[in-house]
Amino acid sequence: MALSGIQIFKFLPKTNCGECGVPTCLAFAMSLAAGKAELAKCPYVSEASKAALSEASAPPIRTVVIGSGDSAVKVGGETVLFRHEKTFVNRPGLALLLTDTMEDAEIAARVKRFGELRYPRVGLILKGELLAIESKSGDATKFKALVDKVKDVPEANFVLIANDVALLKAGAQALAGKKPLLCAATAANIDAVGALAKETACPVVVRAESLDGVAALTAKLEAMGVKDIVIDTGSRKIREAFIDQLALRRGALSGKNKAWGYPSIVFPNEMTQDPIMESLYAATFVAKYGGIIVLSDFRGETLFPILLERLNIYADPQRPMVTEPKVYEIGNVTENSPLLVTSNFALTYFIVSGEIEASRVGAYLLVVDTEGLSVLTAWAAGKFAGDLVGAALKKSGIADRTKNRKVVIPGLAAIISGDLEEELGPDWNVIIGPREASHIVPFLKQMVA
Amino acid sequence: MVDFPKVESNGTIKETTLGSGDKAFTIGGESAYPFHTFEGKMPHAPKLAMEVWDIAPSEWATELNVVFGDVYQDPVAWAKRCVELGADAVMLTLASTDPNGNNAPAAQAVETVKKVSKEIRSPLIVWGVENDAKDGETLRAVAEAIDDRPLVLGPVVEGNYKQVGAGAIGYKHFVVANSPIDINLAKQLNILLGNLGVKDQYVLMDPSVGGLGYGLEYTYSVMERARQAALTQGDDKLQFPLFCNVGKEVWKTKEAKTSEQQEPTWGVAKTRGIAMEAMTTVAFLLSGADLVVIRHPETLKTVRQYLAEMMQ
Ligand code: SF4
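Those protein sequences? They're chains P and R, same order as listed. What the first sequence shows, in the numbering used here, is residues 97 to 545, in sequence order. What the second sequence shows, in the numbering used here, is residues 13 to 324, in sequence order.
Hints listed in this document are in silico derivations from the structure and should not be mistaken for laboratory results. Note that the structure is a prediction, hence the values are computed from the model and not measured. Certain hints may be false.
Claimed, not checked - Straight line, CA to CA, 27 Å or less: simulated DSS-like cross-link-like pairs of lysine-lysine:
hint: 1; chain 1: P; residue 1: K541; chain 2: R; residue 2: K127
hint: 2; chain 1: R; residue 1: K266; chain 2: R; residue 2: K18
hint: 3; chain 1: P; residue 1: K541; chain 2: P; residue 2: K384
hint: 4; chain 1: P; residue 1: K422; chain 2: R; residue 2: K266
hint: 5; chain 1: P; residue 1: K232; chain 2: P; residue 2: K247
hint: 6; chain 1: P; residue 1: K182; chain 2: R; residue 2: K249
hint: 7; chain 1: P; residue 1: K384; chain 2: R; residue 2: K26
hint: 8; chain 1: R; residue 1: K174; chain 2: P; residue 2: K384
hint: 9; chain 1: P; residue 1: K208; chain 2: P; residue 2: K247
hint: 10; chain 1: P; residue 1: K232; chain 2: P; residue 2: K245
Said to hold, decoys possible - Pairwise CB distance ranges, derived in the manner of DEER restraints:
hint: 11; chain 1: P; residue 1: G478; chain 2: R; residue 2: N112; range: 16 to 26 Å
hint: 12; chain 1: R; residue 1: T244; chain 2: P; residue 2: Q103; range: 53 to 63 Å
hint: 13; chain 1: P; residue 1: K491; chain 2: R; residue 2: E156; range: 49 to 59 Å
All C-beta atoms in this analysis are idealised placements derived from N, C-alpha and C, irrespective of residue type, glycine included.
Could you put together the complete structure from these sequences and hints?
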């Protein structure tokens, strides 16, 4: 919870010595509250106060990092129940299951998919982040062998799943420095697993059959000095698991259940044998508060849609529904590629650019600033008039990038063609395109045929 | 159950019974967020409608052609197939009337509606082509021509609500009030319909669907905001069942249509399209949808199972 300046002030020495750079302790407290200063600037604040301050200012749900380096995955840190209140912070991590009873060829195929199933989208690469390595055999040698086999998979973070602390220890040693998530500490083994987490500085899952049980276990780990905790409520039925996620989030955010203030891990892989049902459970946890989502497999047909949903749900809700007005290159463009024009309403842009991509005809797309209005609305409001579109085209510098002098306007705005021709002069040829984006593919194919 | 903070609601979504006879069903009535039955009521499971066109679609995904291609030419047979497959309701899209396509006159579309209406006892949604003027004309004509059973008519928008609304009132049809992913415009249209004299239990709210990967989050959040206002701020102009036309938005995307030969990393096209339609439906069920229109029977099956598990 964020503290107010006055609350912080109570922990400062109140001597107004000024060494922190501002004249008074109160002024310093105000800067701290506003996030404009660091507590370390005051040399006189006591250790006890420091601890109390960091405790009191800790976010209600801890951010836990799994893995190390650039591809480490961060989960938790969430501050709201609804995405329209504030952006959800850390996208849930997606984990691909590997077990020590799978054939070598199966493991190899899965590792290959882990590397290959990546989807470029709006400047990001959508992909799963974790390998969940589970001991099904209970055999330490087999488990260790599997960990050794996959420990150097590029950009992988790891979850080690075993009931026996000896196995977790062997796995953690093999993954030294990679900060795997140890899964799981239960009432039966918490002392040993907690000690291992502390010794290796690895994050650790607590698993209990009830939320009260979870609270007891997280409290115990905290007392041992282990703070990077992830919660498994033990539910393996969608309805129970869904309610657990709501309970954890609400309890932690309200401050009533501080012991629940950690991200969760959920196991759609253990909830059904049907891949589509599994993807529906995963979809549920993407929307409602899953921290790490373990999947029985990564398959393009289900992973890609889950990644798209995750991208959507974790997008900034304040993001205006507009795209930057400029010329976009779609597909492989050449100096003869056609030029299309559309509005800067984000959904229009997504759909039009998607259709152009689907046509496999490289093209330039000029997005005109229509203040977020769709083509027809913008035209009606005078923001997609021929002279404005013409001016935007000239300003874009597209004429220097292509020899093509054909510009395709949306069929819905066919009426601007005369004005546009006038604005652009005789060099340019205005072509009226389809009225519906869904007709762009045949249109473009025919145009270049 | 373990104690955790509960949300108290001071509003209830209006209950609406669609259709008549033994195929009628009721939606709405929630006094809690979706599936949050530990703190309020969700008396009716959300329902699933399947979409039929009055002309053969030329650009539907292969997976849909496989299931329905043999009945594309016959809307009655197609609608019957949907009912056999287990759809709660049928949505008949009057695609023939599209001024950008065939531009068939309203009277011709009415004839198809009559035929389907006669043969199908499940609740029937009659859908336009998202052209305000043409839909106003067509849906008005449909409202007047079908006087022996209640239909659900949409999309009804600010540009044609008077025309369609008046027809609906006269013949006791339901309307789907469609607004462009904007909670204020949604509310305003509900108010306009109320002022016109359309009774509350005859209105469904359609926030417009952004597809998976294409603005799903905007729709999702408009729906969550609408439910929050309806349930916790007692905003009675937002206390309507929510309607989502998911099938169309999912199946038109390249992500749903492209074959695995073209995009090997996208995986098996058949499963992908179904997974996308079912996942999009789930996202909207979680944000408040009461009636969802889909296209593929496998989607129907998996979402049904999901609902059964979530409603327990
Ligand atoms: S350095 Fe510390 S004690 Fe000195 S004024 Fe700043 S806050 Fe107060």
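Do the hints match the structure? See the list:
Of the pairs offered as hints, the one joining K541(P) and K127(R) is violated, with about 39 Å between alpha carbons and a cut-off of 27 Å exceeded. For the hint pairing K266(R) with K18(R), the CA-to-CA distance comes to about 42 Å; that exceeds 27 Å, so the pair is violated. Our distance criterion of 27 Å between C-alpha atoms is broken by K541(P) and K384(P), whose separation comes to about 42 Å. Our distance criterion of 27 Å between C-alpha atoms is met by K422(P) and K266(R), whose separation comes to about 24 Å.
Of the supplied pair hints, the one linking K232(P) and K247(P) holds, its CA atoms being roughly 18 Å apart against a limit of 27 Å. Restraint check for K182(P) and K249(R): the C-alpha separation of about 25 Å stays at or below 27 Å, so the hint holds. Only pairs whose Cα atoms come within 27 Å are accepted, and K384(P) paired with K26(R) is accepted, the gap being roughly 25 Å. Under the criterion of a C-alpha separation no larger than 27 Å, the hint pairing K174(R) with K384(P) is inconsistent with the structure, at around 39 Å.
With a C-alpha separation of about 14 Å, the suggested pair K208(P) and K247(P) falls inside the 27 Å cut-off, and the hint holds. A C-alpha spacing of about 16 Å is found between K232(P) and K245(P), which places the hinted pair at or below 27 Å, so the restraint holds. In this structure the supplied range 16 to 26 Å holds for G478(P) paired with N112(R), their Cβ-Cβ distance being about 23 Å. Look at T244(R) against Q103(P): about 29 Å separates their beta carbons, and that is not inside 53 to 63 Å.
In this structure the hint that K491(P) and E156(R) lie 49 to 59 Å apart at CB holds, the actual value being about 52 Å.
Checked against the numbered hints above, the structure breaks hints 1, 2, 3, 8 and 12 and satisfies the rest.
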